[in-house]
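K.L.:
Since the structure of chain A is provided, determine the placement of chain B on it from the hints.
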Amino acid sequence: MAGEKTENNQMEKAMDAPLEFVREGNQFLSKCKKPDLKEYMKIIRAVGIGFVAVGIIGYAIKLIHIPIRYVIV
Amino acid sequence: MAGFRLINLAKPFLPILPEVEVPYEKIPFDDKMVYTVFASLIYLFAQFPLAGLRKATGEDAAAHAPTVADPLYFFRGVFAMEPKTCLEFGLLPIFAAGLFLQLLAGLKVIKVNFKLAADRQLFQSLTKILAIAQYFVLANIFIASGYYGADLSLPQIVVLNIQLVGGGVFACLLTEVIDKGFGLGSGAMIINTFAVATNLVSDTLGVNQITVDSEGNTEPQGALINLIQGLRAQHKTLVGGIVSAFDRDYLPNLTTCVLVLALGCLVCYIQNIRFELPIRSTRARGTNQMYPVQLVYTGSLSVLFSYVVLFYIHIAAFALIQLVAKNDPASIVCKVLGHYETVNNIIAAPTFPLSMLTPPRSLVGGALSQPLSFVVYSFFILASGVWFAYNWQQVSGMSARDLARDFKEQSITLLGRREQSLPRELNKVIPVAATTGAMVLAAVTIVGELLGLKGKGAGIVVGVAGGFSLLELITMEFQESGGESSLANMLAGGLSL
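From first to last, the protein sequence lines are chains A and B. For the first sequence, the UniProt record's numbering assigns the number 73 to the last residue and increments by one with no breaks. For the second sequence, the UniProt record's numbering assigns the number 497 to the last residue and increments by one with no breaks.
The hints are simulated quantities; they were obtained by calculation from the structure and are not laboratory data. Keep in mind it's a predicted model, so treat the numbers as computed, not measured. C-beta atoms are modelled at their ideal positions from N, C-alpha and C, and glycine is treated no differently. A few of these clues could be false.
Anything over 10 Å on all C-beta distances counts as not near chain B; from chain A, calculated [claimed, not checked]:
(1) E12
(2) D16
(3) L19
In silico SDA-like cross-links for lysine to any residue, where the CA-CA straight-line distance does not exceed 20 Å [to be verified]:
(4) K84(B) to I346(B)
(5) K38(A) to Y269(B)
(6) K31(A) to V429(B)
(7) K42(A) to F478(B)
(8) K84(B) to V165(B)
(9) K34(A) to A262(B)
(10) K33(A) to P292(B)
(11) K31(A) to E425(B)
Okay, chain A solo, but in the shape it has when bound (with noise of 0.2 Å):
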């Protein structure tokens, strides 16, 4: 009994320990300043232009590919 006893309890603590850091982390997110609409659209907006803007250029790049590919491959 006493033994079964003991394994249940590592097996608990075996349980806790992602348990404590997922609440850990929950407390951590909790007191982190998160950022406002205004504030967010800003980034999503810079973000989102200069990925399209690198992307296009990119893209187009990779057009140059296309050509080349009928002729070597």
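P.N.:
Chain B alone, transformed into the frame defined by chain A:
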């Protein structure tokens, strides 16, 4: 010096290894921007189609056609790997070499004295040699497996090796240009961001036509363009065209595009969550400020690390299954590891047990056919990410101890705390931030991948996080340069027009 040191392995290679010189003088902001952007664009251009492969048409096409499909399909979007190009393996070896060696050096497995310039140089060279060696090994695993076609002749093998390894060396040098102070931030990260942005645009707005069936019908690569074109396509009905725009699985569809965009916005939000430490100056009174500690303290490196480890598990399994067991389900290796099944003629999907570490190709199909991978894959990404973040924050020069030293140098301290307890107080925040941030980022990645984004989910997480850190660097450098930038003036002028 007694004892064997791993970094000394790099010594004989130093004279022959190509290297970028550190800039002689400080590079102005404009030049840095130009170097950064152009290095990334050159990388994209270097994704040259491989020459020397047999043409897929012709009489003996069936006999010599590659029988092995792409087993790495879900890594493509994460490491800028473009199939059947010189950069088949993308930036993965560079990331892998950098992350592993720095982690090992930080955990004191390899002994490096970073205060010595000679040691630093040896370490850098070792990283580069390791990356190039990986390109070589990976290339030959793929060549031997028959991915580039069965029974290649010797010249073909040599030509393929030159292209694949040459592409790798070139990619190393490009990242080095940015790393060594010509550009902003970490080279591999920025190039990766550019590649992710390019993939995003070509998946959404790509106009290039790709043949999709044996009758020669074509569909555009971009999902949005496909929807528009589907409305007037001859080989489909109107409703069929709209439905297929949302659920075609051979090319990007609109559903994945929308999901990817949503994930990107989510990552932007997470990147902006910060823990604010109230600080005050020890010299002047009454100047209380906030010191922000980012939630995503180790950035997207934790996700990258998880994927590097996952990649090597998969490549080892691929080598065993293809080279040893020839993908024969009856073989003992395949019974233990599973084998590959070709889906859509393009991708090779592993079967059970290996499939447990593979993200499902679609949410519903995955839930029915490989429910275990939801658990195992998620657990793997979470655990490896958190483990990495915890160790990385300690060894990468931004641990609580390093931060406390920085605080002391700038004579600031935490509000309402004694100066002596500064490291202990910071130690309560930094490791928690790093692990929690890694957990959140891993969770976002997992959600994206379980929805069936095939690597695009992890790709956008890495890409947006990289883009974000680049944006921060740009604003910081811009302010440091005193706002004097003809580039910025030009852009501002262009926008106001």
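K.L.:
Each hint: holds or not?
P.N.:
Results of checking the hints against the structure:
Residue-level check passed: E12(A) sits 20 Å from the nearest beta carbon of chain B, beyond 10 Å. With 10 Å as the threshold on Cβ separation, the claim that D16(A) sits away from chain B holds: the shortest Cβ distance comes to roughly 16 Å. Consistency note on L19(A): stated as away from chain B, and its beta-carbon is indeed over 10 Å from all of that chain's, at 13 Å minimum. Note on K84(B) and I346(B): the hinted pairing holds, with a Cα-Cα distance of about 12 Å set against a maximum of 20 Å.
Using a Cα cut-off of 20 Å, the hinted pair K38(A) and Y269(B) holds, with the two alpha carbons roughly 12 Å apart. Distance check on the hinted pair: K31(A) and V429(B) sit about 11 Å apart at the alpha-carbon level, within 20 Å; holds. Proximity of K42(A) to F478(B) is assessed by CA-CA distance (about 18 Å); at most 20 Å being required, the pair is judged to hold. Only pairs whose Cα atoms come within 20 Å are accepted, and K84(B) paired with V165(B) is accepted, the gap being roughly 13 Å.
Between K34(A) and A262(B) the CA atoms are separated by roughly 18 Å; this keeps the pair inside 20 Å, and the hint holds. Distance check on the hinted pair: K33(A) and P292(B) sit about 9 Å apart at the alpha-carbon level, within 20 Å; holds. Between K31(A) and E425(B), the direct Cα distance comes to roughly 16 Å. Compliance with the 20 Å bound is thereby established for this hinted pair.
Of the numbered hints listed earlier, not one is contradicted by the structure.
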